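Q: Sequence:
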Amino acid sequence: MHISLSVISEFISLVAAFFSYKKLKGTWYVYAIPFLFFVLYAEIGATYYWTTFNRTDCPNGNVHIYLWVSIMETIFYGRFFWKVFKNSALKKITESVAVVIIANYLFLFFFLYVYIEPYFYLMALHGLCFIILSCIYFYELFINAGEENVLSLPDFWMAVGIFAYFSGTGSSFVLHKTLQHANIKFMGLYLYNIIPQVLSIILHGCFITAFILCRKKKTI
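Position one of the sequence shown corresponds to residue 1 (full-length UniProt numbering), numbered consecutively onward.
Note that these hints are calculated values from the structure, not bench results.
What you are looking at is a predicted structure, and each value in this text was computed from that prediction instead of being measured.
A couple of the hints might just be wrong.
Claimed, not checked - Below, a list of computed lysine-lysine pairs in the DSBU-like style, where the Cα atoms sit at most 35 angstroms apart: (1) Lys22 with Lys91; (2) Lys86 with Lys22; (3) Lys92 with Lys23; (4) Lys22 with Lys92; (5) Lys83 with Lys25; (6) Lys86 with Lys25; (7) Lys91 with Lys23; (8) Lys25 with Lys92; (9) Lys22 with Lys83; (10) Lys83 with Lys23; (11) Lys91 with Lys25; (12) Lys23 with Lys86.
Claimed, not checked - Pair ranges (Cβ atoms, derived): (13) Phe18 with Ile202: 38 to 48 angstroms; (14) Asn149 with Gly26: 21 to 31 angstroms; (15) Gly26 with Glu117: 42 to 52 angstroms; (16) Gly26 with Ile116: 25 to 35 angstroms; (17) Lys86 with Pro118: 27 to 37 angstroms; (18) Ser167 with Phe111: 39 to 49 angstroms; (19) Ile212 with Thr52: 32 to 42 angstroms; (20) Ala145 with Tyr31: 19 to 29 angstroms; (21) Phe111 with Ile12: 31 to 41 angstroms; (22) Leu151 with Ala103: 31 to 41 angstroms; (23) Tyr21 with Tyr121: 30 to 40 angstroms; (24) Val114 with Tyr31: 30 to 40 angstroms.
No residue lacks a Cβ here, since even glycine has one placed at the ideal position from N, Cα and C.
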């Protein structure tokens with residue numbers, strides 16, 4: 001079974017979270033442990049499903065697994081932004097955005113027989129929402145940071161990871177069909193496949209940085 005860069009980065013991030021558990025306990029970041037475990041388990045399951053089962057009998061391939069990963073991402077990252085925003089209006093907007101995104105994912109899963117293309121477009125929209133929330137957070141942070149070193153803040157690195165990941169994957173999701181038919185390869189992997197994997201390394205590298213910084217400054 002092929003082990004992707006995403007699986008490796010998720011595993012390393014999960015191990016880092018386990019080693020940092022004593023410091024993460026009592027902070028919001030402790031919830032990263034079950035989240036990363038779920039994502040890693042689903043990623044391995046999706047790879048196994050793709051290589052084991054007859055694809056002609058599965059019109060959605062392994063997308064149904066990634067759909068639930070997307071739902072969990074929406075919950076986890078939505079909760080992150082809800083936590084870091086101080087403004088009650090921004091908190092309500094974050095909640096509303098997360099609910100609408102999750103409702104759309106559930107609609108695809110329960111009411112459409114084939115939903116590969118709608119899923120990728122919804123993922124792009126999902127990513128755009130988190131990019132905008134990240135930009136709002138950065139704006140608030142730099143306006144109110146004062147003399148505080150933002151590079152020492154775990155929340156900053158989480159937002160950087162989220163922004164970088166969804167900024168890159170958004171375009172690949174929108175162009176998924178084009179990239180898939182183009183058969184463009186880089187280092188032996190299809191371009192539409194390697195882009196999310198490389199960005200996953202950046203995302204989970206930011207996770208690890210946040211875990212390390214949490215030892216110095218806890219955030220509830």
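Q: Are the hints correct? Go through all of them and say.
A: Hints, one by one, checked against the model:
no., hint, result
1, Lys22 with Lys91, "holds (29 angstroms)"
2, Lys86 with Lys22, "holds (27 angstroms)"
3, Lys92 with Lys23, "holds (30 angstroms)"
4, Lys22 with Lys92, "holds (32 angstroms)"
5, Lys83 with Lys25, "holds (16 angstroms)"
6, Lys86 with Lys25, "holds (22 angstroms)"
7, Lys91 with Lys23, "holds (26 angstroms)"
8, Lys25 with Lys92, "holds (27 angstroms)"
9, Lys22 with Lys83, "holds (21 angstroms)"
10, Lys83 with Lys23, "holds (18 angstroms)"
11, Lys91 with Lys25, "holds (24 angstroms)"
12, Lys23 with Lys86, "holds (24 angstroms)"
13, Phe18 with Ile202: 38 to 48 angstroms, "violated (21 angstroms)"
14, Asn149 with Gly26: 21 to 31 angstroms, "holds (23 angstroms)"
15, Gly26 with Glu117: 42 to 52 angstroms, "holds (43 angstroms)"
16, Gly26 with Ile116: 25 to 35 angstroms, "violated (42 angstroms)"
17, Lys86 with Pro118: 27 to 37 angstroms, "holds (35 angstroms)"
18, Ser167 with Phe111: 39 to 49 angstroms, "violated (30 angstroms)"
19, Ile212 with Thr52: 32 to 42 angstroms, "holds (37 angstroms)"
20, Ala145 with Tyr31: 19 to 29 angstroms, "holds (25 angstroms)"
21, Phe111 with Ile12: 31 to 41 angstroms, "holds (37 angstroms)"
22, Leu151 with Ala103: 31 to 41 angstroms, "holds (37 angstroms)"
23, Tyr21 with Tyr121: 30 to 40 angstroms, "holds (38 angstroms)"
24, Val114 with Tyr31: 30 to 40 angstroms, "holds (34 angstroms)"
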